[in-house]
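J.: Protein chains in written order, with full-length UniProt numbering: chain A, 1 to 211; chain B, 1 to 224.
Don't read these hints as lab results, they were simulated from the structure.
Errors might be hidden in some of the hints.
[Claimed, not checked] DSS-like, lysine-lysine: derived pairs with alpha carbons at most 30 Å apart:
| # | chain 1 | residue 1 | chain 2 | residue 2 |
| --- | --- | --- | --- | --- |
| 1 | A | K191 | B | K66 |
| 2 | A | K73 | A | K59 |
| 3 | A | K59 | B | K52 |
| 4 | B | K175 | A | K66 |
| 5 | B | K59 | B | K73 |
| 6 | A | K92 | A | K73 |
| 7 | B | K163 | B | K152 |
| 8 | B | K167 | A | K59 |
| 9 | B | K163 | A | K59 |
| 10 | A | K163 | A | K92 |
| 11 | A | K92 | B | K52 |
| 12 | B | K66 | B | K52 |
| 13 | B | K175 | A | K59 |
| 14 | B | K92 | A | K59 |
| 15 | B | K191 | A | K73 |
| 16 | A | K59 | B | K66 |
| 17 | B | K73 | B | K211 |
| 18 | A | K191 | A | K110 |
| 19 | A | K191 | A | K163 |
| 20 | A | K73 | B | K175 |
| 21 | A | K66 | B | K167 |
| 22 | B | K191 | B | K163 |
| 23 | B | K211 | A | K191 |
| 24 | B | K59 | A | K175 |
| 25 | B | K163 | B | K92 |
| 26 | A | K152 | A | K110 |
| 27 | A | K59 | B | K59 |
| 28 | A | K52 | B | K211 |
| 29 | A | K167 | B | K59 |
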Amino acid sequence: MGRTLVELFYDVVSPYSWLGFEVLCRYQHIWNIDLRFRPAFLGGIMQATGNKPPAMLPKRAEYMLKDIERMGKYYQVPVTISADDFQRIFGKSSLGAMRFITAIDMTQPKYLEPLSREFWMRFWSQHEDISQLESIVAVAGQAGLSSEFTQKLLDMISSPEVKNRLKETTEEAIKYGAFGMPAVVAHFNGKPHLFFGSDRLELLANVIELG
Amino acid sequence: MGRTLVELFYDVVSPYSWLGFEVLCRYQHIWNIDLRFRPAFLGGIMQATGNKPPAMLPKRAEYMLKDIERMGKYYQVPVTISADDFQRIFGKSSLGAMRFITAIDMTQPKYLEPLSREFWMRFWSQHEDISQLESIVAVAGQAGLSSEFTQKLLDMISSPEVKNRLKETTEEAIKYGAFGMPAVVAHFNGKPHLFFGSDRLELLANVIGEKWLGPVPSVPSSKM
Chain A
1 MGRTLVELFY DVVSPYSWLG FEVLCRYQHI WNIDLRFRPA FLGGIMQATG NKPPAMLPKR
61 AEYMLKDIER MGKYYQVPVT ISADDFQRIF GKSSLGAMRF ITAIDMTQPK YLEPLSREFW
121 MRFWSQHEDI SQLESIVAVA GQAGLSSEFT QKLLDMISSP EVKNRLKETT EEAIKYGAFG
181 MPAVVAHFNG KPHLFFGSDR LELLANVIEL G
Chain B
1 MGRTLVELFY DVVSPYSWLG FEVLCRYQHI WNIDLRFRPA FLGGIMQATG NKPPAMLPKR
61 AEYMLKDIER MGKYYQVPVT ISADDFQRIF GKSSLGAMRF ITAIDMTQPK YLEPLSREFW
121 MRFWSQHEDI SQLESIVAVA GQAGLSSEFT QKLLDMISSP EVKNRLKETT EEAIKYGAFG
181 MPAVVAHFNG KPHLFFGSDR LELLANVIGE KWLGPVPSVP SSKM
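Bound-form chain A, shown alone (with noise of 0.2 Å):
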């Protein structure tokens, strides 16, 4: 039988995101899939369909503090978050890291899951910044990328090739319902299936299983 595609359309904004990421790199080995890292924009999916992040209801802010702390040590990934990260996450884009990491997909992809951890890690583990150019630089050291290949990335992000890739990753994520992120879409039955969530991957197994 053939391996399930399995779809993950993320931004590495969204602290969710990374659970579902490491939760789904752990199996990949282990699942019958054909796991997919599909760099997405958060807040483009936001714009399209009107959606504002959880954040934003100062209820849901101040549990997501917990909330994120629990889950993180669960799921045995170092997530942290502390209240000044709502005006980080309002006040920065990620654009500029998704277009570098979407410019890693298209020219080298085995760099994406290494890439795509260590800006987590700078923005949602160590709380630095990750729209100023040094400190994309930093994330592309630490990944293992060469200072030659990092400077070719960065001359490709303002490019039409790479605005256009991130683009419609992000329109394809809509199409198949995204409204937020994590979104896994997998595919079986000759259909996608979206699953919305970090919390959504023991359904995922359970429907695969069946599927």
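Got chain A; can you put chain B on it based on the hints?
T.: Only chain B this time, still in chain A's reference frame:
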């Protein structure tokens, strides 16, 4: 070691509350917990926190049609949903039903579990009304209440005592930080801890030192 107090704040208008309810009903006999049902009014929580039903976002409503069907199957809860249901949720209030359930909680709490279940069955499995008097009478009958007792409860539901009790329970949920339902509050390490949603029960188990055996613990769960 004493049992961990686990409170479930729920409203029968909420399909995800039904999922959380059934799973906790199963685990109350397995985990070392003292499960307490806290019927509360979701409309009141929404109003106090400025939150809105997720179904009001069109793409989210579309997703819920699939999510609730799949979760219902996996959790073995007979909830089904169609696009018409959103109109029903927005149109009819669950206030009368929750006051009736509150009245049972104040008089014969042993009926709380079957009565709540029958309200969900009617609203979320049979897709029938729960706001009219006749509907509440029918649900009470299904739950095994006598006609006399049902009438007595109906007389109570407009009383200040019942109204205040529902109001206080709702305010307690809000005080614990609830902004939606189901809201599970577990008491340990000398503090209350909020777990929101029917998908935080595995985490709850981990935090209180219990084992998660899937949503239907009598049956082997998926390979995880």
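J.: Hinted pair, alpha-carbon criterion (30 Å max): K59 of chain B, K73 of chain B. Please report holds or violated.
T.: Cα-Cα ~22 Å, so holds.
J.: K59 of chain A and K66 of chain B were given as a pair; does the straight-line alpha-carbon distance stay at or below 30 Å?
T.: Holds, at roughly 27 Å.
J.: Given the proposed pairing of K73 of chain B with K211 of chain B, does the C-alpha separation stay at or below 30 Å?
T.: 22 Å, holds
J.: Given the proposed pairing of K175 of chain B with K59 of chain A, does the C-alpha separation stay at or below 30 Å?
T.: Satisfied, since the Cα-Cα distance of roughly 10 Å is no more than 30 Å.
J.: Regarding the pair K66 of chain A and K167 of chain B, is the alpha-carbon distance no greater than 30 Å?
T.: 26 Å, holds
J.: Do the alpha carbons of K59 of chain A and K52 of chain B lie within 30 Å of each other, as the hint requires?
T.: 12 Å, holds
J.: What's the verdict on K191 of chain A and K163 of chain A, does the C-alpha distance respect the 30 Å limit or exceed it?
T.: The hint holds at about 28 Å.
J.: Check whether the Cα positions of K92 of chain A and K52 of chain B lie no farther apart than 30 Å.
T.: 26 Å, holds
J.: Next pair to validate is K59 of chain B with K175 of chain A; report whether the Cα-Cα distance is within 30 Å.
T.: Holds, at about 10 Å.
J.: Does the structure keep K211 of chain B and K191 of chain A at a Cα separation of 30 Å or less?
T.: Distance ~34 Å between K211 of chain B and K191 of chain A Cα, so the pair is violated.
J.: Is the hinted pair K163 of chain B and K59 of chain A satisfied, with a Cα-Cα distance of at most 30 Å?
T.: Holds. K163 of chain B to K59 of chain A sits at ~25 Å (cutoff 30 Å).
J.: K191 of chain B and K163 of chain B were given as a pair; does the straight-line alpha-carbon distance stay at or below 30 Å?
T.: 28 Å, holds
Of the numbered hints stated above, those contradicted by the structure are hints 23 and 28, listed in ascending order.
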